[in-house]
Structure formats: C-alpha cells, structure tokens
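Chains A and B are the protein sequences, given in the same order.
For what it's worth, this note's numbering labels the leading residue of the first sequence as 4, then goes sequentially.
For what it's worth, this note's numbering labels the leading residue of the second sequence as 4, then goes sequentially.
Be aware that one or more of the hints could be misleading.
If several chains are the same, the list does not tell them apart, and a pair holds so long as it fits within one copy or across any two.
What the hints assert, rightly or not - The list that follows gives simulated cross-link-like pairs (lysine-lysine, DSS-like), each with its CA atoms no further than 30 Å apart: (1) LYS80 with LYS51; (2) LYS253 with LYS25; (3) LYS253 with LYS136; (4) LYS80 with LYS56; (5) LYS190 with LYS136.
Hints in this document: simulated from the structure, not taken from any laboratory.
Letter by letter, the chains look like this.
2 protein chains.
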Amino acid sequence: MSLRYAKRMDNIKASEIRELLKLTQKPEVISFAGGLPAPELFPIEEMKKAAAKVMDERGAAALQYGPTEGYQPLREKIAKRMAKVHVDASADNILVTSGSQQGLDFVARAFIDPGDVIICESPTYLGAINAFKAYEPRFVEINMDDEGMILEDLEKALKENDNVKFIYVIPDFQNPSGKTWSIERRKGLLELANKYNVAIVEDNPYGELRFEGEIFPALQHYDTEGRVVFLGTFSKILTPGVRLGWICAKPEVLSKFIMIKQGADLQSSTTAQMEVDQLLEDYDLEEHIEKIKVVYKRRKDLMIKTMEEEFPEGVTWTDPDGGLFTWVVLPEHLNSRDLAVKALEKNVAYVPGGAFFPNGGRENAFRVNYSNMDEERIVEGIKRLGEVLREAVK
Amino acid sequence: MSLRYAKRMDNIKASEIRELLKLTQKPEVISFAGGLPAPELFPIEEMKKAAAKVMDERGAAALQYGPTEGYQPLREKIAKRMAKVHVDASADNILVTSGSQQGLDFVARAFIDPGDVIICESPTYLGAINAFKAYEPRFVEINMDDEGMILEDLEKALKENDNVKFIYVIPDFQNPSGKTWSIERRKGLLELANKYNVAIVEDNPYGELRFEGEIFPALQHYDTEGRVVFLGTFSKILTPGVRLGWICAKPEVLSKFIMIKQGADLQSSTTAQMEVDQLLEDYDLEEHIEKIKVVYKRRKDLMIKTMEEEFPEGVTWTDPDGGLFTWVVLPEHLNSRDLAVKALEKNVAYVPGGAFFPNGGRENAFRVNYSNMDEERIVEGIKRLGEVLREAVK
Numbered sequence: 004m005s006l007r008y009a010k011r012m013d014n015i016k017a018s019e020i021r022e023l024l025k026l027t028q029k030p031e032v033i034s035f036a037g038g039l040p041a042p043e044l045f046p047i048e049e050m051k052k053a054a055a056k057v058m059d060e061r062g063a064a065a066l067q068y069g070p071t072e073g074y075q076p077l078r079e080k081i082a083k084r085m086a087k088v089h090v091d092a093s094a095d096n097i098l099v100t101s102g103s104q105q106g107l108d109f110v111a112r113a114f115i116d117p118g119d120v121i122i123c124e125s126p127t128y129l130g131a132i133n134a135f136k137a138y139e140p141r142f143v144e145i146n147m148d149d150e151g152m153i154l155e156d157l158e159k160a161l162k163e164n165d166n167v168k169f170i171y172v173i174p175d176f177q178n179p180s181g182k183t184w185s186i187e188r189r190k191g192l193l194e195l196a197n198k199y200n201v202a203i204v205e206d207n208p209y210g211e212l213r214f215e216g217e218i219f220p221a222l223q224h225y226d227t228e229g230r231v232v233f234l235g236t237f238s239k240i241l242t243p244g245v246r247l248g249w250i251c252a253k254p255e256v257l258s259k260f261i262m263i264k265q266g267a268d269l270q271s272s273t274t275a276q277m278e279v280d281q282l283l284e285d286y287d288l289e290e291h292i293e294k295i296k297v298v299y300k301r302r303k304d305l306m307i308k309t310m311e312e313e314f315p316e317g318v319t320w321t322d323p324d325g326g327l328f329t330w331v332v333l334p335e336h337l338n339s340r341d342l343a344v345k346a347l348e349k350n351v352a353y354v355p356g357g358a359f360f361p362n363g364g365r366e367n368a369f370r371v372n373y374s375n376m377d378e379e380r381i382v383e384g385i386k387r388l389g390e391v392l393r394e395a396v397k
Numbered sequence: 004m005s006l007r008y009a010k011r012m013d014n015i016k017a018s019e020i021r022e023l024l025k026l027t028q029k030p031e032v033i034s035f036a037g038g039l040p041a042p043e044l045f046p047i048e049e050m051k052k053a054a055a056k057v058m059d060e061r062g063a064a065a066l067q068y069g070p071t072e073g074y075q076p077l078r079e080k081i082a083k084r085m086a087k088v089h090v091d092a093s094a095d096n097i098l099v100t101s102g103s104q105q106g107l108d109f110v111a112r113a114f115i116d117p118g119d120v121i122i123c124e125s126p127t128y129l130g131a132i133n134a135f136k137a138y139e140p141r142f143v144e145i146n147m148d149d150e151g152m153i154l155e156d157l158e159k160a161l162k163e164n165d166n167v168k169f170i171y172v173i174p175d176f177q178n179p180s181g182k183t184w185s186i187e188r189r190k191g192l193l194e195l196a197n198k199y200n201v202a203i204v205e206d207n208p209y210g211e212l213r214f215e216g217e218i219f220p221a222l223q224h225y226d227t228e229g230r231v232v233f234l235g236t237f238s239k240i241l242t243p244g245v246r247l248g249w250i251c252a253k254p255e256v257l258s259k260f261i262m263i264k265q266g267a268d269l270q271s272s273t274t275a276q277m278e279v280d281q282l283l284e285d286y287d288l289e290e291h292i293e294k295i296k297v298v299y300k301r302r303k304d305l306m307i308k309t310m311e312e313e314f315p316e317g318v319t320w321t322d323p324d325g326g327l328f329t330w331v332v333l334p335e336h337l338n339s340r341d342l343a344v345k346a347l348e349k350n351v352a353y354v355p356g357g358a359f360f361p362n363g364g365r366e367n368a369f370r371v372n373y374s375n376m377d378e379e380r381i382v383e384g385i386k387r388l389g390e391v392l393r394e395a396v397k
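Using the sequences plus the hints, can you model the full thing?
Here it is, written out as structure tokens:
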C-alpha cells in the first residue's frame, strides 16, 4: 500500500545540513557544519526569570491562544528595534513568525506558482532553497563579487524572464559566503526591482552581528514602494530554541502573511512571545549582542589565522565582517563532498558547497561555521581540515 | 504598485473565527465564539516550575536548535499516551508540530495537488477548510447522522471521484457539530478507505475529553495499512499557548512530514518541548484532564438546560458527550449571520454555521462553545441568545 502524495513532494528532500548535523552530534566531532549560535552565551538565568515573571503576572494569558499577528507589546518592541537597520516601522508592519525559516516558507507560499522564477545569489542559503522548492519555482542564480550581486547579470535575468516573482537576498554576512552588499549595490538592486516590478525578500538574520563599524541600512531602508519583505529572527541575537522571528512589511503586504499564518499554525507561541517580551523589558539585548560580537569576532579571527597557516596554496576563503560563516573555495578539480567524508574520518565536519547552488553543479567549495566551537576546537579542527586539504591538492 | 502574488492567494481568506474573536475580546462580551479552553484551569504554577527546572538543568540545550522530529523524550511520552486512544505507537511514529493546525497544513501540503478532492464531514472544522483551501482542492461534503458520516454517501463519493486524496474526519466530539462516530461507523470508514485506497486524516483534539464512559478507540486503532494520519495536540488537554501538537503516522509516511517540517519552520520550540516534557514528568496530566472534564461537563449541562428553557420551538441542538462545542440548528428560513449581528448588539457572540460548510450555502446553524465562559455567563449569554432567537422565529 502506498499513499498518493502531491507532486510537490517530489521536490522536497531532507536538508543535507540537518542530516549532517545528526552525524556531528557525537561529542568527539568538531563541527563547523551547523549554523548554531554559541550556547554558552545564552542568557539562561534571565530567561528563567522572565518565564517566572510572566507566569506570576500573566500566566493564564500566556498559556492561552493569542492573536495571529503576535503579542502586541512584542510587535512594538520588534518594530522599534528595526531602527537598528535604519527601517522606520510600527507594530502594524510586524508579524511574529516561528523563526525566519517560517518567513521563507511564507514568502514562497505568497508569491510562487509552479514554474515562476526566483532570482537568488549564487551561492545562497540551503534552508531557503529547500523552503522554496516545495512551491516548484525555477531558480536563476546571479554571480556575486565582494559587493553583492553583479547588477548587470541581475538586469539581464530580469529582462529575460517575465515571471520573476522575487529576488531573494541575504545582504549582510551572507549564508554561506559571508559576503556583505555595498551601499551602492543595495541602491542599485532597489532601482532594478522598481524598474521590473518584482518583490525583494530580504533575509537578515545576521545584520546586527557586525564586528566593527556601523550596521548597514537594510535593503528595506531604500524601499520607497513597499516591495521589500524583511525577515528577521531572534535566533542569532538571543536564542533559536524559542523559535521566534518576524516579517516586516507594508501593512497591505503583511495582511497576506497574516492570512497565511492563520492557516499554517494559527499563531506563534503566546508563552514564548510573552517571555521574550519580558526578557526585552528587563534585560539589555543590545549589550548582550555586543558580548556575542566580541566572542564571534575572536573565533573568526582565530579561524582565519589558522587557515592561513594550515590551508595549502590554491585554497581561498572569505573574511567576513560579521555573522557566522566563512566560505572556502578549493581548486576546481576538488570535490568538497568527497573531502567531507575524509574530514569526518578525522572527526571534523563542514557543509559541502554544492547544496548552496539550487541548480547544482559546483562542488569545489564548502561552508564553515565559527560561532559554535570554542577556540581550542577551532584551531584543532582547522588543523585537521588542513591535513585533508594538503593531502587532496598533492 | 502592486506585488504579484501566487494564484493560491485568491483562496486564502482571513478566518471568520479569528476576526470575530477580535470583536469579542471586549470584557463585556459573552463569547461562545472561540474554541478556547478555560484559562482558570491552566497549571500555571506547574508550568513555572517546569520552566525553572529546565533552565536550571538543561538551559543551554533548551535554548538551542534541536531535531526537526522533536525532543526525543517528549516524542516518547506522546507515543506512550497514544495508548489512551488505543493506538500502539513509538517515538518513531511521532513528529512534534506547532499545534494540530500545523498538522492540517502539512497533510494538505503532502497530499493535495490543485483540483484534487478532499472528502469531509458536513459541517467540518473551519480552520481545516482554511488550511486546505491554500492548496486548491475541491471539497466533497458528506452528510452525517448521529453516528458519523452516512457511509453510503461516502462510498458514492469515493466511486464518483477518482482523485480523492484523503477523507478528513474529526471522529470525537466533532468541531463544530459535537457529534461522535460510533465504533461500527469507524470500522466501516476504514473498510472504504482500504477499498478505494485513500488516506484518512484523523483530527483528534478532543477525544480525551469524554465526559463519561470509556474513550473511543481512534480511527488509527482500526488501521491495518498505515493510511491514517493522526493529528493530536496539547491545546485542549494542557495549554494552547505553547503551540505543541503532534502527527502520529507510520514512519514511512511520517518521513514526508518531517521533510515538510524542515522547510516550514525547521522544528517546534526546543524550549517549549522541554518544558512540557518536564511538566509531564512532574505533574499528573491524566488527573488534570479529569478536572477539565468535570468543569466542561457542568458547563455543557448548564448550557443545554438553559437552551431548553430559553430557545424557542423549531430550534434544535446537539448534546455532546465531550469536547467543547454544541451545534444549534435553526428553522431553514433563518440566517445565523444576520442573527449574529443582533446577538453582538446584546454582547453575545457565536460562530455562524455557514463558515463550516466548505462549499457554502447553509446558513441556518451556528456553533456554540461552552468551555471558555463561567456558569453565570453561560446562563446570561444563552438567555440573551434566546431573546434574539424568539424574536427571530416570531
């Protein structure tokens, strides 16, 4: 007996990262594979206090159903914090989601008919590729340099495809490349989106994790027409375990996502929303983010320094100004999937790069995370990776 | 400027209940509209203790990402509890979801191509209709008597439609009708599903809330071929605010839902799962359910008694053996949407019945919830409704 599934199920595959993470949960494995924040920085005691206060003061409300849009005081706080990325928002612009992964699912659901085109960076976030694929789009990948997408290539793609629904971009410390879009390129992107009337999906989980200097204005800052849908999350700046993110959009656009949310899961957890709201009342999130940045920068610097010492000639990597990842590019004849097996034999894990190209075909790169391992394991892990790579380029 | 949305967005509308609930949040409104549990029964102090214990003992893990399938100890506990509805399950059969509403979205996503047929009870749960509509199915409604669907009508529908993907059923204390399927009808349903090779989606949020006698075996109990997908939830037996439910299915079927979950929101809250798991360790959920049942039965009995006293001739209602709802049927010439306006003028709310018929056209019924209002308000609210109805039938 076999049940008859929908056609879209042919496109849905288990995420390689999630499957890989299972292998890497053994304590002896030095894992650069996941995108996990450093657990030792979680404000555990403060979460405990916030939870207790919520239960003491508003327990019944916290355990009851709440509005689909989200808990109003939290929506207000999120809206206010959008000023950090230079976006002027009110609660009416905010829908609380279950992590920004849910935002990715929702934008796909709102915009994509089978066969529609999504334009994305090349490489782009694996979790977004998986979320979008369920809605049967065609992906057009645009090459990037150190300032973002090559805009000439983007315009060519917009000209050649008349059913482009949105351009998907992670403008800050991109996952997986670690690259950040320049201000000029951001403005240019908006001009093209306006000219060709397409939406922009701005996935911005890391923007606030800039190690030095000023946070860049979000793409949404440059949006005069309400065509940018901004996806934010508490996962990287506070905790991923509570699964709280948000969509920031013009109310008319947001209303579509609110209707989608009703059908998808009614609402995000009232309890979690009230607890995080309480945490933001009593705890200095901005100071907390400063602490995260110091630790991640130190880990990143150490990783890059060790790569310089250990990786053979012909291997290059990005040196990101923030976020969680660097991207290692190998000589063209090497296959990072094959090398991942060799690395796992030495108890080191990364994510092979091929999975970040929706149309496939590029196997000579991999993504490395530096936020989740301590300094000792970073040095040891990169040393072992160096051995694998030196052996491979021989 | 207007963004170009996917075609499915034409089918997605704001839920009438959720919109109505906004109106009914004023304290002066006696609301029989929502499906809210009684907040005074929530185990607030115990949730506080469970949260504190989790943060003290496993705080970092509770705030980190976790597996898509769910927190293993909680999956095990849920599997074990499936014995209450006579289903033999292990953790491998359980995917933790964000409420059973997410289960409804997932079954639609897994099975429905545009134009496929879903067979459902008539009337059926509004939230399911909304979740399914996003995937562009055709609904075939089957009339019910007091024992469940009329099986002759069901077989006719299965014969006449060759693209039926699943039969959607709420077998216990159905939302909105309050009806429960007999054992014989359950067996008959499984026979037909086997004969015509279709899946069954069993939505079972209320099965454990049987006021008297033994809990009925779930449809899944009679399933010898793995074609029943069971949707469960903690919303009605513990708290809806944490948004935790589950799908119980054969591992081969469950694997589809796990992949869907990865794309949809990666996983349900690690924090909430660990907290509920801790609560189940330290607190007697079964005893808690007994308490809920006593209160709900008293409210239901009082509501039915008051209806008998106050509602005019020609109006009928169901007297459910459990769950949260009764279903009031008016003389055919009356329109419950119109009367809802009159009732709201008297600060009483219910959900007009038309919304529970996916193909529309039946407006002379409405759903009444008895779990969320105290006894005084139940009597007062039904009295006011009686005035509206007596005026209407004149």
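Going through the hints against the structure:
1. LYS80 with LYS51: both (20 Å within a copy, 24 Å between copies)
2. LYS253 with LYS25: Classified as between: cross-chain Cα gap 21 Å, same-chain 39 Å, threshold 30 Å.
3. LYS253 with LYS136: Classified as both: same-chain Cα gap 26 Å, cross-chain 25 Å, threshold 30 Å.
4. LYS80 with LYS56: This pair counts as both: shortest intra-copy Cα distance 18 Å, inter-copy 28 Å.
5. LYS190 with LYS136: Within. Shortest intra-copy distance 28 Å satisfies the 30 Å Cα cut-off; inter-copy 38 Å does not.
The structure agrees with every numbered hint stated previously.
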